[in-house]
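*Asks:* Protein chains in written order, with the working numbering: chain S, 1 to 171; chain Z, 1001 to 1171.
Careful, some of the hints might be misleading.
[Stated by the list, open to error] Under the rule of at most 20 Å between Cα atoms (straight-line distance), these lysine to any residue pairs were calculated in the SDA-like manner:
| # | chain 1 | residue 1 | chain 2 | residue 2 |
| --- | --- | --- | --- | --- |
| 1 | S | 121 | Z | 1162 |
| 2 | S | 163 | Z | 1036 |
| 3 | S | 36 | S | 89 |
| 4 | S | 17 | Z | 1133 |
Since the hints were derived computationally from the structure, they do not count as laboratory data.
Number of protein chains: 2
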Amino acid sequence: MTNQLTMYQASVPVFIKMLNNLSAIITKATAHAEAKKIEQSVFINARLSPDMFAFARQVQIATDTAKGCVARLAGNEVPNYADTETTFQELQDRIHTTVAYLQSFKPEQIDGSEDNTITLKLRGNPVVFTGKNNLLGFALPNFLFHVTTAYAILRHNGVDIGKPDFLGNLT
Amino acid sequence: MTNQLTMYQASVPVFIKMLNNLSAIITKATAHAEAKKIEQSVFINARLSPDMFAFARQVQIATDTAKGCVARLAGNEVPNYADTETTFQELQDRIHTTVAYLQSFKPEQIDGSEDNTITLKLRGNPVVFTGKNNLLGFALPNFLFHVTTAYAILRHNGVDIGKPDFLGNLT
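All chains should be built: construct the whole structure from the sequences, respecting the hints.
*Replies:* Put into C-alpha cells, the structure is as follows:
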C-alpha cells in the first residue's frame, strides 16, 4: 500500500491548486474591469445576495480555511492575516502569501494527522473534530464553497470565465 | 497506520453527506416557494448568469459527478439517469437514488483505487487520471462546485438558507 492516499495529498496540493486557479480567475477579472472601464470595487464589493459576503470576503475566507486547516493538521499556530484587501492586487497578494505558506509544509508534517483532535470555534461554539473529519467534513467543502462563490460573483457580473478556469489543469 | 485515510473515506461518505445537505436545502426551497406562492419552475430554471446552467442542471451534474466518480473508482459501469427533472420532488428523487447507489458500495470496492487508471471524456477530449487525481483534482472540486452553485442560485433568489445548511452536521 505504498501509494495509499495520505492526509498531505488530500489537503496541501488540493488547496494550492485551487488557490492558483482562483488567482488566474482574478487576473482575468482584472483585465475585464480594465477593458470595460469598470472600477474594481464594483466586483470586489459584489454579492450574490444582500446577506451573503462580498467577493473580497469570499477570497479571505477561502485562504483562511486553507491555512487554518493545514496549520491545525500540523499542530502549528494559525497565521493571522489582516482582512484589509480592497483591490484585486491585494487579494492576489493574499492568495500568494497563502500558497507560499502551504508550500512550506512537508508531507511528514501533515501525514498521520487522521485522528488528531482539532477543536474549532464555529458560530461561538467549540466543535471537536478528528483531523480526517476536519479536512473532509469541514475544510474542503468550506474552502470550495468560498472559491466557487467568488467565481460565481464574477461570473454573475459578466467576467468571461468558465469551468476550465475553476478546475485548472486536470491531471 | 490502521487509521490511515482511505479512498472510500475521501469519496463515498463525503458525497453522501453533501447530497443529503442539498436535499435538505431543496426541502427548504420547496416550503419557501409554497409559502410565497412562487412557481417551483422559477427556482428550477434560475441561473446566476445567462450562460451558466440552471438550478436543475446543477443538481443533475452534482449527482452525475458523485456516481460517476465512485463507479469508476470501483471499476463499475456508471449508471445513466435521464435528465428530465422539472420539479423539486423529481430532483429529490434523483438525489435519493444517487445516495442509495453510493450507499451500495462497500469500502473494499473503493479502497486501493489510488493508482487505477480512469479515462474521462471531458469537452470532447480523453483525459487520463489516476484514481487519486480523479477524486481530488476533478470529482470533489467539480461536485462541490455544482452543490455550491445550486445553493447560490436559491440564495440569490431569496430562499432563507445559510452556511450551516450547506455544511450540515460537522462531526
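*Asks:* State for each hint whether it applies.
*Replies:* We went through each hint and held it up to the structure:
no. : hint            : in the structure
1   : S:121 to Z:1162 : holds, 18 Å
2   : S:163 to Z:1036 : violated, 33 Å
3   : S:36 to S:89    : holds, 18 Å
4   : S:17 to Z:1133  : holds, 12 Å
Violated hints amount to a single one, hint 2; each of the other numbered hints is respected by the structure.
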